[in-house]
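Chemist: The listed protein sequences correspond, in order, to chains A and B.
For the first sequence, the working numbering assigns the number 1 to the initial residue and increments by one for each residue that follows.
For the second sequence, the working numbering assigns the number 1 to the initial residue and increments by one for each residue that follows.
Hints were generated in silico from the structure; no laboratory data involved.
Treat the hints with caution; some may be incorrect.
[Said to hold, decoys possible] Computed Cβ-Cβ distance ranges for the label pairs, DEER-style:
| no. | chain 1 | residue 1 | chain 2 | residue 2 | range |
| --- | --- | --- | --- | --- | --- |
| 1 | A | 229 | B | 85 | 37 to 43 Å |
| 2 | A | 411 | B | 315 | 29 to 35 Å |
| 3 | B | 315 | A | 224 | 15 to 21 Å |
| 4 | A | 267 | B | 285 | 27 to 33 Å |
| 5 | B | 70 | A | 266 | 40 to 46 Å |
Cβ atoms here follow ideal geometry from the backbone N, Cα and C, with glycine treated the same way.
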Amino acid sequence: MSRIINQYSPSQIRSNNKQEQFDSNLPVRHRRAKTWHLIFQISTVIGIVVLMALLYNIINQAFGFVAFESKVNPDSLAMDGISLENLSKEDLIRIIQDKVTASRFRTLEKEKPFLARSHEEVYSVVIQEVVKPKVADSWSLFDSLFHRKTILVESAEKYPQARLEFHSWIGWDTVTTPQSSNPLNAGVRTAILGSLWTIAITILVAFPIGVGAAIYLEEYATQSWISRIIQTNINNLAGVPSIIYGMLGLAIFVRAFNLFTSGAAFGYTDPANANGRTILSAGLTLALLILPLLIINSQEAIRAVPSSLRQASFSLGATKWQTVWYHVLPNAIPGILTGSILAISRAIGETAPLVVIGASTFITFDPDSLFSKFTSLPIQIYQWTSRPQAEFRNLAAAAIIILLILLLGLNASAILLRNRFNQRVS
Amino acid sequence: MTNQTNTIIHSYMKMRKGAAEKPFDLRKRPRPAEKLIQGFLFACGALSILTTLGIVYELGKEAMLFFRNPDVNLLEFFTGTKWQPQILEFGILPLLNATLMTSAVAMLIAIPLGFSVAIYLSEYASPKARSILKPTLEVLAGLPTVVYGYFALTFMTPMLRSIFGQNIVQIYNTASAGLVMGILILPLISSMSEDALSAVPSSLREAAYSLGATKLETALKIVFPAALSGIAAAVIVGISRAVGETMIVAIAAGAGPNFTFNPFRSAETMTGHIVRISGGDLSYASIDYNSIFAIGLMLFLITLGLNIVSQRIVRRFREVYE
Chain A
1 MSRIINQYSP SQIRSNNKQE QFDSNLPVRH RRAKTWHLIF QISTVIGIVV LMALLYNIIN
61 QAFGFVAFES KVNPDSLAMD GISLENLSKE DLIRIIQDKV TASRFRTLEK EKPFLARSHE
121 EVYSVVIQEV VKPKVADSWS LFDSLFHRKT ILVESAEKYP QARLEFHSWI GWDTVTTPQS
181 SNPLNAGVRT AILGSLWTIA ITILVAFPIG VGAAIYLEEY ATQSWISRII QTNINNLAGV
241 PSIIYGMLGL AIFVRAFNLF TSGAAFGYTD PANANGRTIL SAGLTLALLI LPLLIINSQE
301 AIRAVPSSLR QASFSLGATK WQTVWYHVLP NAIPGILTGS ILAISRAIGE TAPLVVIGAS
361 TFITFDPDSL FSKFTSLPIQ IYQWTSRPQA EFRNLAAAAI IILLILLLGL NASAILLRNR
421 FNQRVS
Chain B
1 MTNQTNTIIH SYMKMRKGAA EKPFDLRKRP RPAEKLIQGF LFACGALSIL TTLGIVYELG
61 KEAMLFFRNP DVNLLEFFTG TKWQPQILEF GILPLLNATL MTSAVAMLIA IPLGFSVAIY
121 LSEYASPKAR SILKPTLEVL AGLPTVVYGY FALTFMTPML RSIFGQNIVQ IYNTASAGLV
181 MGILILPLIS SMSEDALSAV PSSLREAAYS LGATKLETAL KIVFPAALSG IAAAVIVGIS
241 RAVGETMIVA IAAGAGPNFT FNPFRSAETM TGHIVRISGG DLSYASIDYN SIFAIGLMLF
301 LITLGLNIVS QRIVRRFREV YE
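If we strip away everything but chain B, and leave its shape as in the complex, we get:
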């Protein structure tokens, strides 16, 4: 022990001696390699900004070419009810309408079911049941969307046709695509809502119980409102996902723009149209090529808007508990 102490003191003295000869420099040494690494890491992060700029630039550029085309009228683009590039009719309403219809059907399924599942998992289920049910539902969210498309066409559509009749329900229809899309979005909404519900402190629940509230009253009147910001964000993310969903509608909703409010008829959504047009060999100079970028730009703006709103809601209305 003493020996060791001696060595330490000895080396310390030696250091002091060295320091006396040449003062120990405490200033930060320049480290070029560190700077290089930091620069590389920054570049990795900045690539995401380049991606966004790339999306905005490319979509914007091609969309501009589309709108500059003498055959295209901006007013007609937003109000026209016919999308038939062969006869130079470019009205986005049929595509937009189909997108809104499939999304509406999807949300009609996903919101009530998603909320119920979220409340059940966070308020009712035992920890063990939750540990089995939650990953099982997340498997649903992890399946490739083309599998859902297959499910819509080979299961949901025949089922709808046998319930409502072969003459009423067409082989390709927006209802079937929307229903399956609802199933796809259900785990997204339930999982996000469940996170929000679980984040509500248990003191709130206990206070409600102590006042004699039933479990249901506690869940619906106390916990649910307290988690509302997270739940609203989940719904908006779900809508944005439904609007951008592609493969289900490309497989099950039908090909060919069709302005109809009947969910049992075929109609092509914005995403479905982009997939069908770009599926063939497309010449870069054609108006078809430009037109899908105009549709893409609209799709991008809608989903971006929804995502920004959802982030705002979370930030603005989040209730912070101690």
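Isolated chain A, as found in the complex:
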């Protein structure tokens, strides 16, 4: 590049020889500019392509052919030529009575009397207790669509007993059924409820404190050393890795405040003995984690309110708080809400701190209080991804889709909220 600059120097341009060189150099420079333009463009395209690859990979894993191997062939259970799903409830109950041990039948009867169950419920019991389908192998969506024949051949060779079926790992069942060790009827119900409980606490704690701190820093703080320290400190906290917050939560909320976070101080005794590793601890930890982000976002929103508004309010004799409450906040609230929702969506996707404070890896019951054990959607995804079996990877993909839909909904609501408030304010 230094050559080019040299050519501009007057002494050289004066000479005719150099002028020629400049002219012959020009196409080279233009070509170089074009090449790099292309390189920059390709880099941007790579970024977009990677995003597409990520989404493709998830969808690819969430649907596809599955080879089911069942303990009892459902066709053998058909009676008088009527297929299993069309049998009457009484016949289905008779099948269960025949095939299941007497004690198991009594346990099922105790859970809910068979006569009180609907046809669908009895049918699902037949599937789970008698047919007992198992995943022998699963294929990706891409292979299922384009290499159908190879799959059919491979499946017939390797698993002659198996039934090949196109299976969607994500469905309404996935959302409504709790965790299970059998990938075919495992769902994310407990995980979703755990996430919602945790996030509710995070919002309740972080939102007022975050907005309060932002108001203090923008409206009240003078150029004193203490407010400067607070500001620098918040900027630094925003860069601390999330896992460090997990360790802080483990040391403070789980261990030091065990009496409160386990509910013992409120006379609550948890039958499952969560020992401080509760929804409350998780929510508080996530609240600490998103506070710096929330404060910085809210500060920006408050700073954007024109100071003429404040001066007008002061000139009418309003006190500082009246000015903030009646004039600054209503104008800043769309920005604050958008910023907060961004911070909250970060909390929803956060995994590492929850693993550190001790999220439960396997719970099948719904969380029912602040002091229950918890799991969350990202934790569930992490658990399923870490398992070696391919079918759990498929389940993890389904859980990721649910998580992304949740985040998408949240972000969409942020935009809607902002638009509504914008109209009202203006």
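With chain A held as given, fit chain B onto it using these hints.
Modeler: Showing chain B alone in chain A's frame:
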């Protein structure tokens, strides 16, 4: 109109009369409620300081317990090449090495791509293209990291294995984790750098064009150096993010500390180790519990140092244009 004026004058006279009886007090009235609110708001701000103190105190306390342990030798901690708590070998180098390797691979991807994207968006792209491309890339930054971990394990690793061979690339390896981490950090670097590039006044670009410089020469020789402080800060924030990144390495880089410079072999990073150890039910009295706090303290100091440096760079070297 006159009627109204009369009323105003009338009320003014009344006020004057009142003032004559009792002088109008212009001193600030004490407002306890206002003070209370201000106190509450201050407490909200001060909570952040408590958080920092809490982090430093808790990490420091547990790390002290760890270093006081007779089985732990401070010199060995920093120079030992084995981290095996079962046989009381505590050398942080394998963990630190894996962290540096994944971060290096990540930056190898994120820096060139991030710069290119930033230059393209700020110098080349039309406003309309930018308004679509920038939010799309920011979606990448907003995805939960566990999703990236999943991507690394189910997409990147099989791809690497099919390119380089099943025997060379292990199922869990630092290269795959690092590559995906680079993708995670790419939008962070490109977005921060783009902000810095866009902040350079257009008069500088126009001056370069008027001297006959091509678009590329303007971008690389004029705009880029002018925005260097912001770009350097972006890179340092990116490094700090890579060092602290947890879920990708916990899922894809492997479990078990391993002192290796081969990116295709499995190795456990500092963050990955903390997650694995704390994943099980950990007794508070064990040396394992103390040891993860010692690692955490190191992690905290590294990232804090990087963040402070990046803030310094921005403040010290920022070029202010009129």
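Chemist: Now tell me if each hint is right for this structure.
Modeler: Evaluation of the provided hints:
1. A:229 / B:85: 37 to 43 Å: 38 Å, holds
2. A:411 / B:315: 29 to 35 Å: 33 Å, holds
3. B:315 / A:224: 15 to 21 Å: 19 Å, holds
4. A:267 / B:285: 27 to 33 Å: Hint holds: Cβ distance 28 Å, inside 27 to 33 Å.
5. B:70 / A:266: 40 to 46 Å: 41 Å, holds
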